[in-house]
Amino acid sequence: MQRRDRGIAQSLGLPLTKRVKESRVLLVGAGGIGCEVLKNLVCSGFGSLPQYYGGEIASEISDMRRPEIVVVDMDTIDLSNLNRQFLFRKQHIKKYKALVAKETASQFNPSVNIDAQSGNIFDDKYDVAFFEGFDLVFNALDNLAARRHVNKMCLAADVPLIESGTTGFNGQVQAIKKGVTECYDCNPKPAQKSFPICTIRSTPSQPIHCIVWAKSYLFPELFGTSEEDSADVTVTEVDNVEEVAKLRIEAEALKTIRGLMGKSEFAQAVFDKVFRDDIERLRGMEEMWLSRRKPEVLCFEQFAPSMDKSEDVVERGRALAMKDQAIWSLAENLAVFSSAVDALSNRTLASPGTPLEFDKDDKDTLDFVASAANLRSHVFGIPLNSEWEIKQMAGNIIPAIATSNALTASLSVLEAFKIMRGASFEQKGVSKLTISHVAPTHNYMVTNGKEGFMLGGSKMVFLNSRSTERMITTQNLVPPQPDCAVCSPVYAKLRIPSNSSATLQDLVTLLQEKLGYEDFSIQADVGIIYDPDLEDNLEKGMIPAGYIKAGNGFLTVVDEGDEGRVDLVLSTSFTPNTTEADPESGLQLMPEEISLPSKHKSVAESNGQAMTTTEATGDASKVAAHFNAKRKRDAEEEVVGAKKRAKADEEVMVVEDDGAILLDD
Amino acid sequence: MAANVPTGATEPIINGTINLPETTNGAMSGVAVNGTSSTTVPGLSADEIALYDRQIRLWGAQAQERIRSANILLVSLRALGTEIAKNLTLAGISSLTIIDDDLVTEEDLGAQYFLREEDIGKPRAAAAIPRIQELNPRVNVVSGGRLSDLIVRDQTFYAPFDCVIACDHDSMTLSVINTAARFANRPFYAAGMHGFYGYIFADLVGHEFVIEREKSNIVTPIAFETLTRSVLSVTTKKENNGKNTEIVKKQEIYCPLILANTSPLPPDVLGSRRKLKSVPALLPCLRALFDFQRTYGRLPGHTSQDLVVFTTLATNKARELQLPSETLRSDFLRSFIQNIGAEIVPTAAFVGGRLSEDVINVLGKREQPIQNFALFDGDSFEGRIYSLYSAPPEIAMATAGLDGTMPMEGMIGMPNGMLMTNGVGNGLIGSNTPAGVSNGNAADAGMVFRPTSAPADGTGVVNLD
Ligand SMILES: [Zn+2]
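First to last, the protein sequences are chains A and B.
Numbering of the first sequence is given in our numbering, commencing with residue 1 and proceeding in unit increments.
Numbering of the second sequence is given in our numbering, commencing with residue 1 and proceeding in unit increments.
For reference, chain B alone in the conformation it holds in the complex:
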């Protein structure tokens, strides 16, 4: 794994660019095919080609082979998980491991359509798995046990998975899973929904992908496109119809949820009054909801006390994000609160569908993934994506140690997760043990990954083999 990752701490940084070696396998290749090179996967059978015909025609046989060898972990099987399980199983992954041992209630039956009345009282994943399995017998759909067991597991549990997806949970549970997945150098997605509203968060650590597009007259420079995205290489191929296709290999780097949740909006948004005005109120509301849950251990109810608290939180979050005061309108706030905790299938289908599309593309190493926070509003038909990125401290510190520049500049293009590959015991997550979270003691967890807080070992230098 590490061999394919440009080892950032030792790569020279020239003119603000990192010299990224051309590797036959991208940084994530070991992940995507679970430790085996994609070339060792035998070709697709005629049956598989016939079954997956219409999608192979979109993303090609190679991507389908990568999808076929992928093992996915899905935490929570409510309305969103139902959609994600359906889409990934149809796509033909290798295995889907589902963790949801909550007992099925009658309310669940409305939007979780793999459940039936006779399932009430049974553990959710166990009840739904046989019906998910029916969608595609080629996929191994299994239960991953209990959530309480998951959150005390370390990265060795996550290592066999090519992608980890967690839905519906509060920010602390999501962060525990995110952290462990990051230690295992595995891409992580989170999602949540409240009636018409939903979000997707992505921490793909570092991800290389290919975009094919018709070649234009404008040369695509090998350079950074944003704070997090860089072009690694460009090749051209001639098509049958005489047109030229440009194959652009790019890389995105990510930060964990706990950092994204306190990250400012990207500079291009902060610098444009027009863009800032169009940031939906959903963003501060979701952050406020995370905070509310962290403090009270539950969703806000409809008591006026809760509403006051939530409104104050949301107002503060909007201010923190530097949003104009008119963004957080009372009619939106009212609608959002009304929707909290509700599951409706169309929203689940959109959010879960878009997340699945991203996962499939990540597995196939194709197309631009979400960077890193997508907001869906099914009432006003808005679906914005913002890069809420702060450099993880190890990257910031390592970079600062290398060239002496401020982390904000030096971190650009910094390769992912190299710290995480052997990261146990470097002290960075010492205060964020799963046990600490599971008993609700999370008061300072939000600080753990703040760029401003020094790593526990005080050096900022990451141990690499």
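Here chain A stands alone, though its shape is the one from the complex:
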């Protein structure tokens, strides 16, 4: 024990300190929360090979169990990160976050082992076996897709996950463990905000409608690939079918204008098409404007007196685009529009094969969207906005501050202590009350059968910055939702030699023989590949058909029989050592024994404890607001309940020095 470990050893006690040092943890994300989590982990001694271990034992530990912190992040450092991602400096801009984070954080504790990987967590190399190598996984991500992916991988690998997120002053932390707690997907996440196509294309009433129009319709029609429909816009029931058809024709007409790209009249042609001709057509649909203000037609020529030749407009627009805080006038928007069209046209012509995509940090694309959105806002009598404001709406920028990240990350690591303490009890099979170091105040909950005491007393924790009474609110973890499609299945592995000629029929046979399946279906990434009425694929090879691929593929086996056993999710991978494989097909199920309880039973078991919560970790602010009232009540009841359960321990005892109190080195 080094003197620098004194604080952590004193608070955690020696057994947990040792466990922390020996641990191997994964941190997914080295951004706002990630930098802070990494600091906490490094300074608390996670993955720092203990000195008293000595060289000989250290060498026996395989690479996959080596005490260390693995950090995975694919992003590079941007200027706007530096206000909160404190492991990065200005000279690190454009470098990989994971690598710089390691470089800076390693200095906080010389004995820490950090493996920094500038990779995408969706990559094949981060398969279930990779996740199985960790005691604990920390999510410090900024998007739903990656959160859901890591959630699933941790369920498949049966590794506890600590999920976290922040929005502005809000933040939350949730511990997840397969079969013990709810998973990230147990509760539906709010769907992406989407607008009816007619609101966007014909009857906008808010700035966001015009921004979506510029970003998701006009920009891709001119500079991108227009065939795919944006998720921002959908045809809904309220949309007028006739109008939708007309809009299609309108879009076709715009495509023909693309032919003018590179010519000096291109910007004017686009402008007059979308702000004059299309608007004139809309004005003609009288019934549309019975209860709305009629749009105003704009014409490029209108502005002719204020400009000499197109070169100047482009120059002027370029200069104006630097002033992203100001709200540009109509003529200024036109100038920025012209210069952005000019710049984007040049880029498109320079590399014709590569369509452009809107990116809030690509200034040309942002200039285009901001000016086009403002021009359209003017047409429809909607207030104009500065480019800076439009950037936030177009780029879905979430306000982020250093302190919320620090608070949330600190709670993540405090949760980790809880989970690791709980895990050590499980492993050693001892009662929590016999452990002498830092008796957790909730110990008695275990002995009293306190519901919700999971993962060593881990909680769902929310920052509560606006409350005058609480800095945080907590909620007990709850058991998995029995019908959750992601965590209710049994997870197992299916291995196959990379040169195997096994067919789908081989897999079907294996499932029938080994697991007693009769009526069932199999779903791969491509969709359903087998069910009792779908036998077309049976002769196809598993590998050539793409049913099994290297990395993190999954096959879901659904029991269609009357008894209805829970779904079986098979994570697929290539066998490292072919000699172990089944001689017939090479297909190998792991583990040997797979127990599949019936769906019915599983639901019945869990019903007693299931709670009606619908929170979403992805959108901390809404959720925090929505649930604060309930949580406040819960939290208070929890305290009262706990106290009720507690045996009256009225006399304050003097704590004896029984060896539990540390520590002089």
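Since the hints were made in silico from the structure, they are not lab data.
Here the structure is a predicted model, which is why all the values come from computation and not from measurement.
For every residue, glycine included, the Cβ atom is placed at its ideal position computed from N, Cα and C.
Heads up, some of the hints might be wrong.
Just some of the chain B residues that point at chain A, by a computed CB distance under 8 Å [as the list claims (entries may be wrong)]: (1) I49; (2) L51; (3) Q55; (4) L58; (5) R294; (6) A349; (7) S356; (8) Q371; (9) F376; (10) G378.
Cut-off 25 Å, straight-line C-alpha distance, at most; resulting in silico cross-link-like pairs (PhoX-like, lysine-lysine) [unchecked claim]: (11) K215(B) - K193(A); (12) K193(A) - K277(B); (13) K294(A) - K215(B); (14) K95(A) - K363(A).
Given the coordinates of chain A, work out where chain B with the ligand should sit on it, guided by the hints.
For chain B with the ligand alone, coordinates are given in the frame of chain A:
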């Protein structure tokens, strides 16, 4: 400064409300921008907007300008100070002056991550400052000299600072700093941590702030919300998306640490058995620790004699707070004692992070600040805030002199620190000279600000210009 503060002694009190004039600058504006009006601060540069983009999107350019002009004094740079220095430097304050001349030990390296092995034996602030400075070259990070010098300084030293933060020290040292900051009419924060446990104390003297929220059907009355908080004004603005936002300007008034440490729990807690039961044992334990330090000049060790003394103190404190006897459980007491003096980074990050958030909001004059004592328990994930408020005697007396009501009622909404703006020599702190504290003679210091003790000049009337 004083011109913006409603001068309480002369303001008429009508129906228990103080007539607070609408001022263009809030009571603390002179403080927040260090004597210069925020309108004289030139706008943020494009570079600054790009760097601080994600936070400006949360609190706005005006708040960022206020933050940019703020000078902060930070006393103690251990684990908590490390977090606070990091957060405030990242936020982009004008200057951070750090006072910590203790010599770096090997134990410090565990949680104070701006220190390296080669710093052992060097003064702490001097060793860490270059690494803090790296976080943001726009901030001027400097050493403020020695602690022994600080505690004999008067309010003129504090006047240039927009906020004073002191961590880790015993209650007497904290009170000396608190008192001097109050005389300078400067907001003061204190914080401490012991392993999983920590606290934040705030004495913002008097603080005006703005809260923006979606307008509801319920009208926000211009009235007192609590003993210490009042609504000053309400305006409404229409957002782009058609919703209405309500802009509510509020004021909180505060008392110094020395009073908070003996204040009862607020009436709403004392009046509710449920709330009283949920008060964490951490509160009496922290008060007991302050008392132990004051008596013995050190933290309790693990000898049974110390444990007996500490347990007795904590039991008395719990009783004083009117907590139910089951609050102070032996397993908690054991855990607390185990953690005394330990620094771990996650707790420091929470307590220091929450304190920094409050400071940033106070500088920006936005959001509800802590009133006035926040407790963090990283073992059970609890973070409660209690208003432990007793009216400073000058406010109580001045109010009593005005309308003849008892201080407990009249003090409500009483504006802050008007006494402190010129308060030297009014005798109130005569027995609490810094020198008296620094040599450990603090036996009666705890009485200095007790509401029951008459001010030394016996009049209770405050000299105002
Ligand atoms: Zn689930």
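What are the numbers of the hints the structure violates, in ascending order?
5, 12 and 13
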